[in-house]
Amino acid sequence: MKALMSVVALIGVLGLLMLIGMIFGVIPSNTIRLVEGYMPMQVLSELAIFVAGFAGLSYLANSMGVAFPRFWQGVLFWVFIQTYLKFRIYPPIPFSVRAMYGTVSFVAVFMWVSANEEDWKKFRQPILNVLDANTGFHKALRTMYLILLPLLIGGFSFMTMKPSIDEPIELRTVHPAPPASTKVHGKTYTLQTSQNPYRVNLEGKYDQDYSNKLIVEQGMGRLMAPNANPWDDKAEGYLKYVREGGEIFFQNCHFCHGDNLNGRGLHAFAFNPIPANFTDPGTIAQLQETFIFWRVAKGGIGLPNEGFPWASVMPPWEQHLTTDEIWKVILFEYWHTGYYPRTWD
Amino acid sequence: MGSVTRTKLMSIMALGAMIGLLLLPILVAIPALASDGGAPAADEKKEGGDAKVEKGKDVYYKTEGIVSGPPAPKTTDSEKDYPRYNFESRVLLWFANQQHLYYGSFVLAVPIFCMVIEFMGVVTKDKAMAKRYDQLAYDFIKISLTAYSLTAILGGILIFTFLTLYPAFFQYLSGIFRPVMHIYALMFVAESGTLYIYYYGWDKMKEGFLKWIHLSMSVVLNVIGTILMFLANSWIGFMMSPAGVDEQGRYLGNIWHVIHTALWNPLNLHRILGNMAFGGGVVAAYAAYRFLSAKTDEERAHYDWMGYIAMALGVAFLIPLPFAGYWLMREVYAYRQQMGITLMGGLLAWLFIIQATMIGILFLSTNYYLWQALGRMRGAEKYQRYIKYLVFLLTCGFLVFITPHTIVMTPAELKAMGGQQHPVLGNYGVMSAKNGGINVIITTTVLSFVWYMRGNKVSTVSWSKFGNIFMGCFFFFAYLNIILLAIYGYYIPANVRVGLSVPQVATTLSCLFFMFALNSVMMKGAKQMGPIEWGKISARSQYALIMLATAFTWMMGLMGYIRSSVRLFWHVNEIMRDNSPWAYTHTVGFAANMISANVLFFWISIMFVFWLGALAAKKAPVEAKAAVPGRAAAPAVGH
Numbered sequence: 001m002k003a004l005m006s007v008v009a010l011i012g013v014l015g016l017l018m019l020i021g022m023i024f025g026v027i028p029s030n031t032i033r034l035v036e037g038y039m040p041m042q043v044l045s046e047l048a049i050f051v052a053g054f055a056g057l058s059y060l061a062n063s064m065g066v067a068f069p070r071f072w073q074g075v076l077f078w079v080f081i082q083t084y085l086k087f088r089i090y091p092p093i094p095f096s097v098r099a100m101y102g103t104v105s106f107v108a109v110f111m112w113v114s115a116n117e118e119d120w121k122k123f124r125q126p127i128l129n130v131l132d133a134n135t136g137f138h139k140a141l142r143t144m145y146l147i148l149l150p151l152l153i154g155g156f157s158f159m160t161m162k163p164s165i166d167e168p169i170e171l172r173t174v175h176p177a178p179p180a181s182t183k184v185h186g187k188t189y190t191l192q193t194s195q196n197p198y199r200v201n202l203e204g205k206y207d208q209d210y211s212n213k214l215i216v217e218q219g220m221g222r223l224m225a226p227n228a229n230p231w232d233d234k235a236e237g238y239l240k241y242v243r244e245g246g247e248i249f250f251q252n253c254h255f256c257h258g259d260n261l262n263g264r265g266l267h268a269f270a271f272n273p274i275p276a277n278f279t280d281p282g283t284i285a286q287l288q289e290t291f292i293f294w295r296v297a298k299g300g301i302g303l304p305n306e307g308f309p310w311a312s313v314m315p316p317w318e319q320h321l322t323t324d325e326i327w328k329v330i331l332f333e334y335w336h337t338g339y340y341p342r343t344w345d
Numbered sequence: 001m002g003s004v005t006r007t008k009l010m011s012i013m014a015l016g017a018m019i020g021l022l023l024l025p026i027l028v029a030i031p032a033l034a035s036d037g038g039a040p041a042a043d044e045k046k047e048g049g050d051a052k053v054e055k056g057k058d059v060y061y062k063t064e065g066i067v068s069g070p071p072a073p074k075t076t077d078s079e080k081d082y083p084r085y086n087f088e089s090r091v092l093l094w095f096a097n098q099q100h101l102y103y104g105s106f107v108l109a110v111p112i113f114c115m116v117i118e119f120m121g122v123v124t125k126d127k128a129m130a131k132r133y134d135q136l137a138y139d140f141i142k143i144s145l146t147a148y149s150l151t152a153i154l155g156g157i158l159i160f161t162f163l164t165l166y167p168a169f170f171q172y173l174s175g176i177f178r179p180v181m182h183i184y185a186l187m188f189v190a191e192s193g194t195l196y197i198y199y200y201g202w203d204k205m206k207e208g209f210l211k212w213i214h215l216s217m218s219v220v221l222n223v224i225g226t227i228l229m230f231l232a233n234s235w236i237g238f239m240m241s242p243a244g245v246d247e248q249g250r251y252l253g254n255i256w257h258v259i260h261t262a263l264w265n266p267l268n269l270h271r272i273l274g275n276m277a278f279g280g281g282v283v284a285a286y287a288a289y290r291f292l293s294a295k296t297d298e299e300r301a302h303y304d305w306m307g308y309i310a311m312a313l314g315v316a317f318l319i320p321l322p323f324a325g326y327w328l329m330r331e332v333y334a335y336r337q338q339m340g341i342t343l344m345g346g347l348l349a350w351l352f353i354i355q356a357t358m359i360g361i362l363f364l365s366t367n368y369y370l371w372q373a374l375g376r377m378r379g380a381e382k383y384q385r386y387i388k389y390l391v392f393l394l395t396c397g398f399l400v401f402i403t404p405h406t407i408v409m410t411p412a413e414l415k416a417m418g419g420q421q422h423p424v425l426g427n428y429g430v431m432s433a434k435n436g437g438i439n440v441i442i443t444t445t446v447l448s449f450v451w452y453m454r455g456n457k458v459s460t461v462s463w464s465k466f467g468n469i470f471m472g473c474f475f476f477f478a479y480l481n482i483i484l485l486a487i488y489g490y491y492i493p494a495n496v497r498v499g500l501s502v503p504q505v506a507t508t509l510s511c512l513f514f515m516f517a518l519n520s521v522m523m524k525g526a527k528q529m530g531p532i533e534w535g536k537i538s539a540r541s542q543y544a545l546i547m548l549a550t551a552f553t554w555m556m557g558l559m560g561y562i563r564s565s566v567r568l569f570w571h572v573n574e575i576m577r578d579n580s581p582w583a584y585t586h587t588v589g590f591a592a593n594m595i596s597a598n599v600l601f602f603w604i605s606i607m608f609v610f611w612l613g614a615l616a617a618k619k620a621p622v623e624a625k626a627a628v629p630g631r632a633a634a635p636a637v638g639h
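Protein sequences appear in the order of chains E and B.
Under the working numbering, think of the first position of the first sequence as 1, with each following residue one higher.
Under the working numbering, think of the first position of the second sequence as 1, with each following residue one higher.
I should point out that these hints are in silico values taken from the structure, not numbers from a laboratory.
You can take every hint at face value.
Within a straight-line C-alpha distance of at most 25 Å, the following computed DSS-like cross-link-like pairs (lysine-lysine) qualify:
| # | chain 1 | residue 1 | chain 2 | residue 2 |
| --- | --- | --- | --- | --- |
| 1 | E | K121 | B | K388 |
| 2 | E | K86 | B | K415 |
| 3 | B | K465 | E | K2 |
| 4 | B | K62 | E | K183 |
| 5 | B | K536 | E | K122 |
| 6 | B | K382 | E | K122 |
| 7 | B | K524 | B | K382 |
| 8 | B | K211 | B | K142 |
| 9 | E | K86 | B | K388 |
| 10 | E | K121 | B | K536 |
| 11 | E | K205 | E | K240 |
| 12 | B | K524 | B | K127 |
| 13 | E | K139 | E | K121 |
| 14 | B | K388 | E | K2 |
| 15 | B | K382 | E | K2 |
| 16 | E | K121 | B | K382 |
| 17 | B | K206 | B | K125 |
| 18 | B | K388 | E | K122 |
| 19 | B | K131 | B | K142 |
| 20 | B | K62 | E | K187 |
| 21 | B | K465 | B | K527 |
In isolation and in its complexed conformation, chain E is listed as follows:
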């Protein structure tokens, strides 16, 4: 047990040193990179390793009779989580989410330190010592808190009430609810039931299973499925339409949405927010093809009331493309990202 805990403690210490080193620039910040596509599990795994490491350290310290005070364990662990969220995760997490995470981790630390009476007593003892002020040191601390706390609260209130010239926060509705139907080039499409007419098999019938097998592989590689190269001269049916969609995409869309469809095109950073990143699992992967059809056709000015603050410069492509071209470009977007359009069957 002791050997195991020593190993995890060592891993914890190494991880901590590395994190501190990366924060202060002593070691390159990309020494251990967060890899796109694997980041979510990587973050959770790193946190798990740190927790195990801290548990190992605490165990070893206890075995050696130099137990680290529970109060400081709790406080420092919370500080560690905030530091990790602030400096490890890139791009930076908006304050609103960090505040949520900070609150949850605060509650978690409280639950840990007060889970049983013994721990709770250990945790609150330093607080009680300061409140009781039986020694000169504690008396000085108490007096300091007495002066600092009102000042801090006063300062916080002042900062809150002070008129701010910062941009206000926005709650942008990324995916506003679509209308039941949309009219494009004189034809009405019911969004819940319409289908992409080019998502067809070799017999020309609508076949999502067939097209699903021919999309590129998700993840880092983005490899094409065997014998599924749309740019092959012999490509027919669905793959041929994907190629045509790709041509339309590179003639019209890639300037903003980017060569890799990740929203980082040539002109992308002229806008805020930058164009939608189709490779993110929260965009087209969550939506029906008809939703994309509606958004492409109607553009930013066609956003419904719900779509505030209407921050989209997407042109209404129905003014520039035919209906068939819109369907084909959508086909290409799903093929290229390796995502499947949402269906309800």
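Since the structure of chain E is provided, determine the placement of chain B on it from the hints.
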């Protein structure tokens, strides 16, 4: 002897009368249901002589029916359609509705608890335990009795609010539901009658055969209550997903279609479970309040036990609640995609993040209470040192579960993030991750329960080592399966991903049922490390119970608001438009304040009900006192 026979006879007659009351409205309804409410059409035919019968197409069922009612009124922003005080009418209605719902849920849930606890008392062989259960059931029903009259008063206020502030809408809705309106009223009479006999007959029917009669009454009482709730649910189901009417909102003569709308059944299930969890929470809070104000060890022991039972019953219904909610949302998406997106991806998405936070708080409070409860049993110390790992699992699940898809941020933050989608948070913000998060939370809660159940025991079965390893592996692979399925969800089509929730839920429920069962078998005849010292639990645990109940109340208010506001500017979705000046969606901040005000009012008023209950309380019965948990001669070991 003769007197006993007479009492038996009277009891059977009372039960018969109750069943009669239950069946009466159904008998009354049969002619209306049999004719499919066709009477008005027939009259019309007679009056018009050879006039052609007008037919309409059901907006949902797509069947044809004879037009049997007027179209939905096209209201205007006027005093006629929307009479008003110098105040927002919608807020008044919101308040009246919410308070009625809180009390309605409470009085429907508590009798179900009573039924379960009374049954446990009847079948328990241990006489002391049987009396404890019986006393507990009696305490429960006593609390609900005062709340019952408040429910009726609030129902009256609600109807008056509708009549005075939204007459055109209420007239239309009552016209549509005319065939069952009186059935609803009659069910109330039946509910009241049954409840009073059930409560006042408690002492008279406490032994032998009479006790079974009394128990049967609680079954009848709950059947009536459930039907009442189903009928009330049909109104909101109709408002969200109307059926049985044509495009103009004209009733087509089939009341079953009007009741059985697309969302009726998911709403029914969700509300039954929700009411039970809420009822458990409120009773647990009552017990916590009594525990904290208790003057003696006996009182503390009794209310500690009461709080535990109420919490356990509430949580038993809380665990399947997210799955019922999932089904409801799935049906909402199937009914109208726009409605689903407005709820979970669009306008109301942030309210769902708040809801996720409240669900997380519920489970966190439950776990915290259980960990505190380990402290009142000797021998449970061995589990306490591992609690930190459970905290970690819960926190990770919780953080993923509450990560928003639509992030609140300044344009500068948006720019720094490099677009609307964050490469880490974006993955946590979608359903696949959230399913994983909530299942991890629930599985951890199950694990906490298992630890609690074996806290002061050491298994003596010969295969206990194997059993422990098996349980450990089972939980390990359950977590692994849940997490891997959550990751796999990103790589498959959405319709398959939705289906993945089934194996995830199955994994969680397997932990619940198999591990509870296996644990029970392993702990049969187990060596006791010490008694459960009821009453010797930290005050923090009781605040956790109060937190649990408050979170339930807040979440009910929130979900009610979300469900209602998803209709946007419709009184009845796509049928009757809301043309009042208040047909807009409130800001998240206003809604949150309003919900908090409702919660505050409910808790102030329920404190009054608790106080009344305490005022009317008899001195604790002698036999109950003698059997106070933890004070009995033999150590109380049951949970």
